[in-house]
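From first to last, the protein sequence lines are chains A and B. Residue numbers for the first sequence follow the working numbering, beginning at 23 and rising by one. Residue numbers for the second sequence follow the working numbering, beginning at 23 and rising by one.
Since the hints were made in silico from the structure, they are not lab data. All C-beta atoms, glycine included, are put in the ideal place defined by N, C-alpha and C. Treat the hints with care, since some could be wrong.
Unchecked claim - Straight-line alpha carbon distances no greater than 30 angstroms define the calculated DSBU-like cross-link-like pairs of lysine-lysine that follow:
1. B:Lys395 to A:Lys74
2. A:Lys73 to A:Lys395
3. A:Lys119 to B:Lys119
4. B:Lys412 to A:Lys395
5. A:Lys440 to A:Lys457
6. A:Lys148 to B:Lys119
7. B:Lys119 to B:Lys145
8. A:Lys148 to B:Lys320
9. A:Lys74 to B:Lys73
10. B:Lys145 to A:Lys34
11. B:Lys74 to B:Lys213
12. A:Lys73 to B:Lys440
13. A:Lys145 to B:Lys34
14. B:Lys145 to A:Lys412
15. B:Lys148 to A:Lys34
16. B:Lys34 to A:Lys34
17. B:Lys457 to A:Lys73
18. A:Lys73 to B:Lys34
19. B:Lys395 to B:Lys430
20. B:Lys430 to B:Lys73
21. B:Lys395 to A:Lys457
22. B:Lys74 to A:Lys74
23. A:Lys145 to B:Lys73
24. B:Lys412 to B:Lys395
25. A:Lys430 to B:Lys457
26. A:Lys145 to B:Lys457
27. A:Lys148 to A:Lys213
28. A:Lys395 to B:Lys320
29. A:Lys395 to B:Lys34
30. B:Lys145 to A:Lys395
31. A:Lys73 to B:Lys412
32. A:Lys148 to B:Lys34
33. A:Lys320 to B:Lys34
34. B:Lys73 to A:Lys412
Unchecked claim - Here are the simulated distance ranges between beta carbons:
35. B:Asp262 to A:Glu446: 32 to 40 angstroms
36. B:Asp379 to A:Arg103: 35 to 43 angstroms
37. B:Pro223 to A:Ala454: 51 to 59 angstroms
38. A:Lys34 to B:Arg121: 49 to 57 angstroms
39. A:Lys73 to B:Ser143: 16 to 24 angstroms
40. B:Ala300 to A:Asp327: 57 to 65 angstroms
There are 2 protein chains.
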Amino acid sequence: MRLSRYFLPLLKETPSEAQIVSHRLMLRCGMLRQEAAGIYAWLPLGLRVLKKIEQIVREEMDRAGAVELLMPTLQLADLWRESGRYDDYGAEMLRIKDRHERELLYGPTNEEMVTEIFRASVKSYKDLPKNLYHIQWKFRDEQRPRFGVMRGREFLMKDAYSFDLDEEAGRRAYNRMFASYLRIFSRMGLKAIPMRAETGPIGGDLSHEFHILAETGESGVFCDRRVLELPIPPEDVDYDSDLSGIVKQWTTLYAATEDVHDAARYEAEVAPADRMEARGIEVGQVFFFGDKYSRPMKAFVTGPDGVDRPAQMGSYGVGVSRLLGAIIEASHDDAGCIWPDAVAPFGVAIINLRPGDAAVDEACAGAYAALTKAGKEPLLDDTDGRVGAKFAAMDLIGLPWQLIIGPKGLADGVVELKRRATGERQTLSLEAALKAICA
Amino acid sequence: MRLSRYFLPLLKETPSEAQIVSHRLMLRCGMLRQEAAGIYAWLPLGLRVLKKIEQIVREEMDRAGAVELLMPTLQLADLWRESGRYDDYGAEMLRIKDRHERELLYGPTNEEMVTEIFRASVKSYKDLPKNLYHIQWKFRDEQRPRFGVMRGREFLMKDAYSFDLDEEAGRRAYNRMFASYLRIFSRMGLKAIPMRAETGPIGGDLSHEFHILAETGESGVFCDRRVLELPIPPEDVDYDSDLSGIVKQWTTLYAATEDVHDAARYEAEVAPADRMEARGIEVGQVFFFGDKYSRPMKAFVTGPDGVDRPAQMGSYGVGVSRLLGAIIEASHDDAGCIWPDAVAPFGVAIINLRPGDAAVDEACAGAYAALTKAGKEPLLDDTDGRVGAKFAAMDLIGLPWQLIIGPKGLADGVVELKRRATGERQTLSLEAALKAICA
């Protein structure tokens, strides 16, 4: 992408409404624009990161055997009356009447709808296990939306739903998602810690929240710091195998949110030097809730014994739009964002120090073509402007590499290459720079 | 994908509510499930086609220089009061109040919001031209939703918005989208005809609708049949060049919807043998409306002369979800769908005639691995079941190729390869079959 043709409305001033760094940076970088309280437009740069995150989630869900569908944003109120949650859900549910006065709602989650889809066609244990997921916009009418995408009202969530014949198989499904979540967050450069947690309005008695440690996190968390060193399941982990060892490994060391924190157990189990009391950003949560929805909604499957029983279900959420904020909270400096390679909106910034200079333009065009061909998705700053402002803008948006090409360097046969994360700068030939970026 | 692990709830009976073939087939193929009137869940097979269509639209928008962002589904009523459309829009607009009694609406289109985004940062002619697009769910509260995705209420639309300094540049933007649309529909295997059309609630005095001819189309159309033979702009068309020749070529021959049909002109201009009166499915519409939104909403840009003037705008819609229906209407037979390669949910069905037979399983697994590696996205039917039912199911979902592998053939060193579109069957070695599919 050439910057002169892009839409990157950087803000010079930090908007006063933004209280945390991720919100400030997303506004300043021209990634996000508020359209109403807790409702945002994703500007081009922000959308690119959102798509990268979404794709990592999708790849890992597919790898774990989940199947993607897409449920609509609006749902019938009557569906939620079947489970009994329509009245329970309270003011966070956005309730709507259409032109014929039919009651709809903007889905805050999809347990009811996916159970309805499942029960319409699956009748036999032979069709199990099933895990259906979608990545769709949700709405929760928060009393006080704040912190940008951290607590928005219209937000993007991946939610998966597992269906099994019995509790043992249901727990295997839970374990698959647990292992998959470890991989998802790790691929984004995050250290996510599964914590024992409350189940809230989803229900059930088994649940873990995945938290990223950050000072600006909304939850207090308590854990054994050795949990930060545990290994992530490899890419070729066999999701058909017994994954209970991985789950056990990750849930033996103490880790709990303040809602379920057990101070006595914490002090008994965790050596003082390993105790960590911190703030966490919740980026995912997994639930096993058995027949909470399948029984009232009559989603029954016939077992090999000929007996019908309600499907054993779990649900598994990832806060896709919130993850943008969490990644920035975890990876930034005073100059701006520092994107991990896997989710960077562009792989490299090419900074043309003298647009209009034929040699510089030509070198930039050559680098742009080579990096595009190599799949590095370059952003070429071909605009006029003060060099200092160009550097500051590229530091602000935080692409992993900056390739700086100017007339003086070219006369000496060299360019400059900067790694954003470390600030390290090298002066080298263009060819060597391209090689380093593509390594 | 292995069918045993997929979620493909085929219907044996044709649902009585489905009046047109695309709606019937989408339900029977397990692509779609109605969740409320005009509101659908996209089941896995349907979602795969939707994503393919979306990606073609995205690639062609990017090629034409448009930049993708993503605006939210919900909008503030006050934004629509700025343009004066809040009261004009009528009962099709879904109006919502949140917990604080603030007035929101589910966006039916985005002229106001994109104008607000534009005016917040673009102030100078130097930043023009700009074309911003998104692919987002919209809602129009149709009085009588019907025909499945053809006239749904929650639907997926690509909408692009161009901003230019003067009318001449605005018309160049219009021409770029016009040419891009010709490419978009052609890539999906469709013959779309641009027709002079009414501008309706979007406004302006220049507009074309793109129609696919089909008996079940909702609009009456009149055209010179020679328009069907006109050339599509090539992949390397230069969007920076003057495209008025392409637009002129496509708009000189008579083509108009019934709303603006001019019978006298039609009879004067079109030879009787070339007259075609048919039904059309509208799959896209382009508008140029000048300052209709930019003037009341004060989206002004400063020209090189230092004078501020309202941006000249156009908007450009593609009915992404409707296109699924249009493609099926244009490409099916009595046995089911016939997907054009570019939008097929999977590239090839591998039909295992004897699951559990070691040699057949092994041959199928080998073909599956080879076709996956070649990017052909195979669907492997590894389920038990009557052979006749398996063939019927694969004809129904209509993947471009069927690779049929059974014990008798394998004993003779051969498999069967069927092309869905022609019904042509060949008996050949597995190696030759893979080569033919990948050719």
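Here is what the structure says about each hint:
Between the alpha carbons of lysine 395 of chain B and lysine 74 of chain A the distance comes to roughly 23 angstroms, so the proposed pair stays at or under 30 angstroms and holds. Restraint check for lysine 73 of chain A and lysine 395 of chain A: the C-alpha separation of about 20 angstroms stays at or below 30 angstroms, so the hint holds. Distance hint between lysine 119 of chain A and lysine 119 of chain B is fulfilled; the C-alpha atoms sit about 10 angstroms from each other, no more than 30 angstroms. For the given pair, lysine 412 of chain B sits about 42 angstroms from lysine 395 of chain A by alpha-carbon distance, which is inconsistent with the 30 angstroms threshold.
In summary, the hint linking lysine 440 of chain A to lysine 457 of chain A is supported, as the alpha carbons are separated by about 14 angstroms, within the 30 angstroms threshold. A threshold of 30 angstroms between alpha carbons decides the hint, and for lysine 148 of chain A with lysine 119 of chain B the separation of about 46 angstroms lies outside it, so the pair is violated. A threshold of 30 angstroms between alpha carbons decides the hint, and for lysine 119 of chain B with lysine 145 of chain B the separation of about 34 angstroms lies outside it, so the pair is violated. Between lysine 148 of chain A and lysine 320 of chain B, the direct Cα distance comes to roughly 62 angstroms. Violation of the 30 angstroms bound is thereby established for this hinted pair.
Between the alpha carbons of lysine 74 of chain A and lysine 73 of chain B the distance comes to roughly 16 angstroms, so the proposed pair stays at or under 30 angstroms and holds. Only pairs whose Cα atoms come within 30 angstroms are accepted, and lysine 145 of chain B paired with lysine 34 of chain A is accepted, the gap being roughly 15 angstroms. Note on lysine 74 of chain B and lysine 213 of chain B: the hinted pairing holds, with a Cα-Cα distance of about 18 angstroms set against a maximum of 30 angstroms. Under the criterion of a C-alpha separation no larger than 30 angstroms, the hint pairing lysine 73 of chain A with lysine 440 of chain B is inconsistent with the structure, at around 37 angstroms.
Note on lysine 145 of chain A and lysine 34 of chain B: the hinted pairing holds, with a Cα-Cα distance of about 15 angstroms set against a maximum of 30 angstroms. Restraint check for lysine 145 of chain B and lysine 412 of chain A: the C-alpha separation of about 19 angstroms stays at or below 30 angstroms, so the hint holds. Our distance criterion of 30 angstroms between C-alpha atoms is met by lysine 148 of chain B and lysine 34 of chain A, whose separation comes to about 19 angstroms. For the hint pairing lysine 34 of chain B with lysine 34 of chain A, the CA-to-CA distance comes to about 61 angstroms; that exceeds 30 angstroms, so the pair is violated.
For the hint pairing lysine 457 of chain B with lysine 73 of chain A, the CA-to-CA distance comes to about 34 angstroms; that exceeds 30 angstroms, so the pair is violated. For the hint linking lysine 73 of chain A to lysine 34 of chain B, the alpha-carbon distance of about 37 angstroms lies beyond 30 angstroms, and the restraint is violated. Note on lysine 395 of chain B and lysine 430 of chain B: the hinted pairing holds, with a Cα-Cα distance of about 27 angstroms set against a maximum of 30 angstroms. Simply put, lysine 430 of chain B and lysine 73 of chain B have alpha-carbon atoms about 38 angstroms apart, too far for the 30 angstroms limit, and the pair is violated.
A C-alpha spacing of about 27 angstroms is found between lysine 395 of chain B and lysine 457 of chain A, which places the hinted pair at or below 30 angstroms, so the restraint holds. Of the supplied pair hints, the one linking lysine 74 of chain B and lysine 74 of chain A holds, its CA atoms being roughly 18 angstroms apart against a limit of 30 angstroms. Between lysine 145 of chain A and lysine 73 of chain B the alpha-carbon distance is near 29 angstroms, which keeps this suggested pair within the 30 angstroms criterion. In summary, the hint linking lysine 412 of chain B to lysine 395 of chain B is supported, as the alpha carbons are separated by about 25 angstroms, within the 30 angstroms threshold.
For the hint linking lysine 430 of chain A to lysine 457 of chain B, the alpha-carbon distance of about 53 angstroms lies beyond 30 angstroms, and the restraint is violated. At roughly 40 angstroms between alpha-carbon atoms, lysine 145 of chain A and lysine 457 of chain B are farther apart than 30 angstroms, so this suggested pair is violated. Between lysine 148 of chain A and lysine 213 of chain A the CA atoms are separated by roughly 38 angstroms; this puts the pair beyond 30 angstroms, and the hint is violated. For the given pair, lysine 395 of chain A sits about 42 angstroms from lysine 320 of chain B by alpha-carbon distance, which is inconsistent with the 30 angstroms threshold.
The hinted pair formed by lysine 395 of chain A and lysine 34 of chain B fails the criterion: a straight-line CA distance of about 48 angstroms is larger than 30 angstroms. Taking the CA atoms of lysine 145 of chain B and lysine 395 of chain A, the gap is about 34 angstroms. The hint is violated against a cut of 30 angstroms. The hinted pair formed by lysine 73 of chain A and lysine 412 of chain B fails the criterion: a straight-line CA distance of about 37 angstroms is larger than 30 angstroms. A distance of roughly 19 angstroms separates the Cα atoms of lysine 148 of chain A and lysine 34 of chain B; the hinted pair therefore holds under the 30 angstroms criterion.
Distance check on the hinted pair: lysine 320 of chain A and lysine 34 of chain B sit about 22 angstroms apart at the alpha-carbon level, within 30 angstroms; holds. A hinted pair counts as satisfied when its Cα atoms are at most 30 angstroms apart, and lysine 73 of chain B with lysine 412 of chain A does not qualify at roughly 37 angstroms. Checked against the hint of 32 to 40 angstroms, the C-beta distance between aspartate 262 of chain B and glutamate 446 of chain A comes to roughly 38 angstroms, which is consistent with it. At about 50 angstroms, the beta-carbon gap between aspartate 379 of chain B and arginine 103 of chain A misses the expected band of 35 to 43 angstroms.
Between proline 223 of chain B and alanine 454 of chain A the beta carbon distance is about 58 angstroms. The supplied range of 51 to 59 angstroms therefore holds. Taken as a hint, the range 49 to 57 angstroms is violated for the pair lysine 34 of chain A and arginine 121 of chain B, whose Cβ atoms sit roughly 35 angstroms apart. A beta carbon spacing of about 22 angstroms between lysine 73 of chain A and serine 143 of chain B agrees with the range 16 to 24 angstroms that was offered as a hint. Checked against the given bound of 57 to 65 angstroms, the beta carbons of alanine 300 of chain B and aspartate 327 of chain A, roughly 59 angstroms apart, stay inside it.
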